[in-house]
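Visitor: Chain residues, written in single-letter form:
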Amino acid sequence: MSERSRLATAVLFGLCCLWLFLTLFPLYWTLVTSLKTPPAVNRGPTYIPFVDFDPTIQPYVDALTGQRGDFYKPFINSTMVGLSATFLSVLLGAMAAYALVRFQFRVRLGAGIAFTAIGIGGFLALTAWGGWSEVYALGLSLIVALTVSIWLNGKKLPGPILGNTDVVFWFLSQRMFPPIVTAFALYLLYSELGREGLRALDTYGGLVMCYTAFSLPIVVWLMRDFFQALPVEIEEAALVDNVPRLRIFFQIVVPMALPGLGATALITLGFVWNEFLFALLLTTSEWQTLPIFLSGQNSYRGDEWWAISVAAIIAIAPMMAMAFILARLLRGGLTLGGIR
Amino acid sequence: MKKLLMAGAAAGAVSMAFAGPAAAQCEPDYSGTTISVGSQTGPFIALAVQMAGEKWAEKTCGEVEVVEFPFGELYPKYLTAMVENQASFDVITFAPAWTPDFAPYLSVMPEEIRQTEEWEDIHEVYRDRLMIWGGEHKSQTIDGDLHTLSYRTDLFEDPEEQAAFEEQYGYPLAPPEVWSQYYDIAEFFTRPDENLWGTSEAFRRGGQQFWFFFTHAASYTNHPDNPGAMFFDPETMDAQVNNPGWVRALEDYIQSVEYTPPGSLNYTSGDIRTAFAGGQVAMNFDWGDTGVIAADPEQSEVAGNVGSAMTPGSSEIYNHATGEWDSFDETVRSPFMAFGGWQAAVPQASENIEAAWNFVEYLSNPENSMQAAITGGSGVNPYRYSHFENVDQWLDIFSEEEAQMYLDAQLGSLNAPNVALDMRLPGYFSYTEVLEIELSKALAGDVEPQEALDTIAEEWNALTDDFGREDQLAAYRASMGLPPLE
Amino acid sequence: MRDPIKYVFIWPAFLVVLLVSLFPLIYSLSVSFQNLRLVPPRPARFIGLENYADLLTQPRFWDTVGTTLTIVIVSVAIQYVIGFAIALALHAKVPGERLFRVTFLLPMLMAPIAVALVWRMLFHSTVGPINQFMGLFGLTNVPFLTDSTWAVGSIIVVEIWQWTPFVILLMLAGLQTLPQEIYEAARLENASAWQQFWGITFPMLLPISIAVVFIRMIECFKLIDTVFVLTGGGPGTSTETLTLFAYQEGFKKFNLGYTSALSFLFLLVILIFGVIYLAVLRPMVEKRI
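In order, the protein sequences belong to chains A, B and C. Taken in order, the first sequence gives residues 1 to 340; the numbers are from my numbering. Taken in order, the second sequence gives residues 1001 to 1486; the numbers are from my numbering. Taken in order, the third sequence gives residues 2001 to 2289; the numbers are from my numbering.
What the hints contain is simulated information worked out from the structure, not anything from laboratory work. Predicted model only: the values in this text are computed from it and were never measured. Any given hint could be a false lead.
What the hints assert, rightly or not - The calculated label-pair distances, taken between Cβ atoms and stated as ranges, are:
1) A:Phe25 to C:Gly2153: 16 to 22 Å
2) B:Gly1278 to C:Leu2139: 20 to 26 Å
3) B:Pro1172 to A:Thr56: 19 to 25 Å
4) C:Leu2139 to B:Glu1301: 25 to 31 Å
5) C:Pro2179 to A:Ile48: 45 to 51 Å
As the list claims (entries may be wrong) - The calculated DSSO-like cross-link candidates involving lysine-lysine, where the alpha carbons are at most 27 Å apart (straight line), are:
6) B:Lys1059 to A:Lys73
7) A:Lys73 to B:Lys1055
8) A:Lys73 to C:Lys2252
9) C:Lys2006 to A:Lys156
10) A:Lys155 to C:Lys2252
Glycine included, C-beta positions come from ideal geometry on N, C-alpha and C.
Working from the sequences, and respecting the hints, build out all of it.
Guide: The structure is reproduced here in structure tokens:
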């Protein structure tokens, strides 16, 4: 090793150490603050327990006994919604991704355009002139638009034909939408549903539906890479034996892709667990999730940092555990496939 | 541990209830009913609801569940649930200013509640003005709110300070009568080297800032001859917020920044209480909470030295009808009913309307409300005559002298002939948003006071037109207790 | 091709996305042409493009666009530089590389709300550690969150802290795909590490870089939670992002038509920004293909 490259390594090592410090310090600070008494916090910054302040576990006791609001309910809500939405989106997303890897799809652009036109036009016409309520108008125009475009897709329309990559892109483009656009639209639709008697706002179903839909693009994208990496021979052998596709998928493909499924599920769970905006708009009292609960910690009480730290730790800890599991699963080369 | 014991006791009570005849204890019997109460994140108000909730549960075998939101999220959550006709809340606790927006979705208070002696005990400013909308009683006051002044008696009564002050300003040191005295005193006590500042007020956007500004403004604009003309002209609904009285108030409000601790531009009303209780400031004005918190030795460095008085007034008030400043022989006090006190109401969508009103009545009955009012951090301030009369009860937290001053300031403000009511209007948040933004800009020195207020007035007029001038005018007159226009 | 089973696989996912994320958009598009408010309740009125025109002439809208763009561009640029440098370090197998790898991921996995709360603590003007640190340089009581300029800077810092890991993760993955032979050849020609970086590593990683920066920018445009907790959009409106602005209009004032229009304009801003970004960088993208 030359003198210069040793120097370069030293610089890079220094950079890593600095960044390590910057990454860990806020976490460390939260941890020590959660062990402080109110006067210890207000006296100014102190850093090391037993040395410059006397630690206490009172903030944790307060949190767990419900002195600082009910932690358990949002925690359970977040867990239930997170797990359900993850399960659903991984299941549906993996199926779609598999289809996109193993089959050819051809969508005529004309059919897509027809779908959009009928969907929007039909809705506007029904509400403006037909006097229909929004929900029914939306439902009807969706069904009509879908039927027409499927029928059109079978016809020999002029214009370009879209293939599998375009379908993937269509899924992914959902992620590019600013979420406030869809979240607000969804809020309007859900409240309209509520007026029709089907309650969707602040319900388990409403939240799970929403998170499933918004996790699907990522799942499809990630899972496609995993499936592409799988050898096709085993499936072909099974096909020769006339095993139905669904059984092939669930009994052969899924077990083989398990590490990938696990990683994808963890990423999705993380996304749902941390998500703020949708929960803010779509929940009121019953299904408040953890981030919403957290955001309430900094308001009227003034700044009770010891309690806020405990709250933050409760929200962070499950994700920390996940990080280490994820780090193991990621060795399987997920990140490499993920970019392509 | 206490929590555990209580849980144990509750479990015992439950098992007894199941044992049979003991169930007769439930009066009235609401076993199996859970009342869901919406509240802002505790302890303010939520604590009071919880305290009453536990007792109510014991009495009626029902249950009370408190759902908490940060103050800023309260309004949208309530409104969404009610517009949807969702039974998410059986009881909501909210600001009177939201009543106009909520009223169409609220149930009317049962007649029986209004036939009791306890009803007569509520101060009429609340009972006959703030609890009524559109001629119907739709909410119950559960907290009294108005701004009063708190000051440190150890400083104000120190002979050395008194002498020094008199020498410097030419009149004796005492709680300020008018705003100019307030600023003299604030200047006098601003001593950064001693870690002492003159006063503290809330300045943060979203930190209940504008109520402090309104208190300044009430003194200059709530003209005794033109009742209800502080915010809008009650004949035409033209915004008054940029008239000379308001400009002067804003100049005052901005001047306050000089005499407040560093970083105070980020102060919410919660922070000014801690500043006072922490002995950082010589005085402040606030809801009744400062007094109660500052008197509590566990939370306060100035316990035992808490003086209370009405907020300063003015001998000059701007008359919007003539466009001139009118002078008065005596100082006119215009104590401001800032916020107007938390209220509780029962949405029509609730599935337990009867039980919910029963709980609201229980929560606000003299005994429970008294208990809440003298609990520091409950956020509940006196609103019943019995609160003011039972001085003994207050001795748990105040010294006798402190208690008397505190109650006199509160009751004196309520009874003041020129008491100023807070603004209540449909579309409330649209009005206050522009107000908060422009106030922040003016406080930061980005715009001149007149310019800021002109922007607000322009926007307010536009909003009024947008919402329908006639409707807004009718609503405004109703909220100010004026008869409908012919 | 003629395998109908493929529809069983793809339709459920397709329908869910269509139903939940695309169809509401049609509804909100139609609302954006109306004057529709929830409070005070008034009958909806069709007003054409008035909501849009209103917004486009409102300085607050443009301020918000400006703030959002500032945060996006500055924070993503810094994330990219730091992230790339650290990825290079990890790729060069600095001592302790394994520990770094796992730890560096942490911020990215935390709820932004929690992250913002933690940083609010750190930024505290009197009892925060950063205040004490700045005190060493004679700067005390810096108004990190209450001064317009500082507040934007603080938000950028938090964004960098949380999302640099994402850049590290992907750039590291990219580095691992580079063929070793080129470097060996370069070393034979006595190219310095510096020359190797600019001559080989950087150009070869350009396509990935473009993608990473693009993803980060799109994500950063959505920013609300951090701002919500750190400053609430203040002081004044100086840190208000587009999403927060829309939230205030929609959920404080319940001005539904206006908010819908705003969200579509927001979509437009992203589209324009994305198109410009890709157009400028297209030559490089095409080279990759």
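Visitor: Now tell me if each hint is right for this structure.
Guide: Results of checking the hints against the structure:
no.: 1; hint: A:Phe25 to C:Gly2153: 16 to 22 Å; result: holds (18 Å)
no.: 2; hint: B:Gly1278 to C:Leu2139: 20 to 26 Å; result: holds (24 Å)
no.: 3; hint: B:Pro1172 to A:Thr56: 19 to 25 Å; result: violated (47 Å)
no.: 4; hint: C:Leu2139 to B:Glu1301: 25 to 31 Å; result: holds (29 Å)
no.: 5; hint: C:Pro2179 to A:Ile48: 45 to 51 Å; result: holds (49 Å)
no.: 6; hint: B:Lys1059 to A:Lys73; result: holds (26 Å)
no.: 7; hint: A:Lys73 to B:Lys1055; result: holds (23 Å)
no.: 8; hint: A:Lys73 to C:Lys2252; result: holds (26 Å)
no.: 9; hint: C:Lys2006 to A:Lys156; result: holds (21 Å)
no.: 10; hint: A:Lys155 to C:Lys2252; result: violated (49 Å)
Of the numbered hints given earlier, the model fails hints 3 and 10; all others are met.
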